[in-house]
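Protein chains in written order, with the numbering used here: chain A, 1 to 315; chain B, 316 to 633.
Some hints could be false.
To be verified - Each pair of labels, with its calculated beta carbon distance range:
| # | chain 1 | residue 1 | chain 2 | residue 2 | range |
| --- | --- | --- | --- | --- | --- |
| 1 | B | 438 | A | 144 | 33 to 39 Å |
| 2 | B | 330 | A | 305 | 38 to 44 Å |
| 3 | B | 330 | A | 228 | 25 to 31 Å |
| 4 | B | 360 | A | 19 | 51 to 57 Å |
| 5 | A | 142 | B | 556 | 42 to 48 Å |
| 6 | A | 139 | B | 491 | 34 to 40 Å |
| 7 | A | 174 | B | 491 | 56 to 62 Å |
| 8 | A | 16 | B | 514 | 55 to 61 Å |
| 9 | A | 277 | B | 453 | 50 to 56 Å |
What the hints assert, rightly or not - Sample of chain B residues with no beta-carbon within 10 Å of chain A, all distances over it, derived:
| # | residue |
| --- | --- |
| 10 | 362 |
| 11 | 370 |
| 12 | 397 |
| 13 | 562 |
Said to hold, decoys possible - Chain A stretches covered by chain B per the calculated footprint, using a threshold of three residues with CB under 8 Å from any CB of chain B:
| # | segment |
| --- | --- |
| 14 | 87 to 93 |
| 15 | 102 to 115 |
These are calculated hints, taken from the structure and not from any lab test. We put the beta carbon where it would ideally sit given N, CA and C, even for glycine.
Next come the chains, spelled out residue by residue.
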Amino acid sequence: MGQIAANDRRTTIDLRNLSRWYGDFQALCDITFQMAPGRVGLLGPNGAGKSSLLKILLGLLPPSSGTGHVLGHVIGVEGTALRRAIGYMPEADALVPGLRGADYVALAGELYGMTRREAQRRAHEVLTYLELEDARYRRLEEYSTGMKQRLKLAQALVHDPPLLLLDEPTSGLDPAGREAMLRLLLTLGRDHNKSILLSTHLLGDVERVCDSVLILHKGRLLLQGGVAELCRRRQDRYRLQIQGDATAFREELRLEGVQILHDNGRGELRVAVPSQWVTRAFFTLADNHRVLLRGLQPDDEDLEELFHRVLKDET
Amino acid sequence: MGESLNRAATPELLHYRPWRGEFRTPAASVWPIARVALMSIFQKWMFWIIYILGLLIFLLFFFGQYLLSWAETQAGESDVQLGGWGRMNPRHLIALFRGFLKLDGSAESYRGFFAYQGYIVMIVLALAGSILIGNDLRFGSLPYYLSKPLSRWHYLLGKGLAVAVFINLMTTLPAVVLFAQWGVLESWEYLFERFDLLLGILGYGLVLTVTLTVLLLATATWLRRTVPLIMMWTTLFFFCRLLSAAMVDGLRFSPRWRLIDLWNSTSLIGAACLGLDLETIRPGNQPPWYEAALALGGVSLLCLTYLIHRIRGVEIVR
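Assemble the whole structure, with the sequences as input and the hints as a guide.
Here is the structure:
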């Protein structure tokens, strides 16, 4: 017990050789990681095993093999205590039709074990903090997507848990809403000492909020490390639209270390540039070869591409 | 856009406040689940209409008992003329009415009340099923509940409690009121001498509550939407009744075929709770009550097994 308590102070999540099988299909394979209090991004494409990992962390699914602790609670044994220590924000709407915002959050508080009076008071506090005070008496059906996301965060925060599991918190949000949500998560993690496990497929979300990252691929932990390290591995890419004879221009780009990823033959190129590349160099090269550069758009490597490249590097 | 501007204009005055307090046991979450489910039902005006319809039957019994009692005190000794059929003593006439309408505080009176009220309850439940539990599956509310520190048993108990409250508000509670009214109108001793009837009423209510609750939760979890749910309940309680009647009364099959009629089975057990003989039950040729209890127990067990498999926490993450 003393060991767990001591362990608890250092690590929020501690998984050792954790695997999960669904019949013959292995969803998680030998996952071992320790998450210190902080903000961690859980990245992976569909089918990577993120959902299974979240189910296991929430104590809703027992691991097939391996052991783990979340905030000192044993996974697969202390499901109720575990969920009490976690605030979970699901990706799906997960709303109760007919309820008003304040009732929805207060109900979550009661389900976590708060008395009705405490839950109601806390619901108003959290909704005010999340800037939903004007909408708290509206029915859930009348909420916009952004408000629904904040409401789901409110119900996860109502009992002030030390750990938040967030499943695609920016899903369906417009850029402004997304930025607001990410700012909120960053504040919660940085200023209010909430540990956050942010499950997403958007690298930008992780970059903005988290200080470390886990990448899952086909049930295996592909990469574990700092966000800065991951971002260093991401390639800067551009989409170019050119007019004129581009043969010499393309050759010059190659000589400068630019990788041409795609050329549609009608003047549209997708290129990956070396790390010290400056955008102005495109215009200089185009001018040198009498090519008109009609369009230049940053088109950074997306997560899917990064996965494949990291996977290729790892293997 | 307006929302974003509003957010931008809001001063940074609102801070997150930590919460420190004691959590209650997971069992404490059962009533909030039931309360919210009941609230969802009573938000619909249609349920108020049906509930008031259900109350009409209660009021018929309530004022029927009251009027006959009052008439008894007003009746004189002399006979009254009954149209062209001759004369009759008013007390005999009232006794005749009481016997015919079963408004006499007897076990049959309460059985009749449960039977009539049961039809309304079934209609209400068929309509309420999708709101109570079907919507949780359709609109993804299940992850909301199951990600909290409670088990699926607590969730099912909460939903079941909502159905139970509704059923008992329409059947057991009014029946107990009728029992108390008869004691007040006729004699206080009735309340003590016929205490077995009160237990019978509670027993009948319990049978209806358990059977209908489990059946509703299972069918609503399976079908989710109102129209298929109504069709299923019609099949269970109307076509199965017709089928069993055709097999037993028409084709002269074993009375055990009546067990496929679940409503008949609840009536049989209810009648046994009220201490009524099998011979007083119409239609005749009925199986014994314990076979009905076994049949209902089997169906309830099947429904519970289905529910345990269907209401799973692993649905939580998509």
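Against the structure, the hints come out as follows:
1. 438(B) - 144(A): 33 to 39 Å: holds (37 Å)
2. 330(B) - 305(A): 38 to 44 Å: Between residue 330(B) and residue 305(A), where Cβ atoms are some 40 Å apart, the hint holds.
3. 330(B) - 228(A): 25 to 31 Å: The hinted range 25 to 31 Å holds for residue 330(B) and residue 228(A), with Cβ atoms some 29 Å apart.
4. 360(B) - 19(A): 51 to 57 Å: Holds: the Cβ-Cβ distance is about 53 Å, inside 51 to 57 Å.
5. 142(A) - 556(B): 42 to 48 Å: Holds: the Cβ-Cβ distance is about 44 Å, inside 42 to 48 Å.
6. 139(A) - 491(B): 34 to 40 Å: The hint (34 to 40 Å, Cβ to Cβ) holds, given that residue 139(A) and residue 491(B) are roughly 36 Å apart.
7. 174(A) - 491(B): 56 to 62 Å: Cβ of residue 174(A) to Cβ of residue 491(B): about 57 Å, so the range 56 to 62 Å holds.
8. 16(A) - 514(B): 55 to 61 Å: Cβ of residue 16(A) to Cβ of residue 514(B): about 58 Å, so the range 55 to 61 Å holds.
9. 277(A) - 453(B): 50 to 56 Å: holds (51 Å)
10. 362: holds (12 Å)
11. 370: Holds: least Cβ distance 24 Å, greater than 10 Å.
12. 397: Label holds. Min Cβ-Cβ 56 Å, cutoff 10 Å.
13. 562: Non-interface label stands for residue 562(B): nearest chain A Cβ at 42 Å, farther than 10 Å.
14. 87 to 93: holds (count 5)
15. 102 to 115: Per the Cβ count (9), the hint holds.
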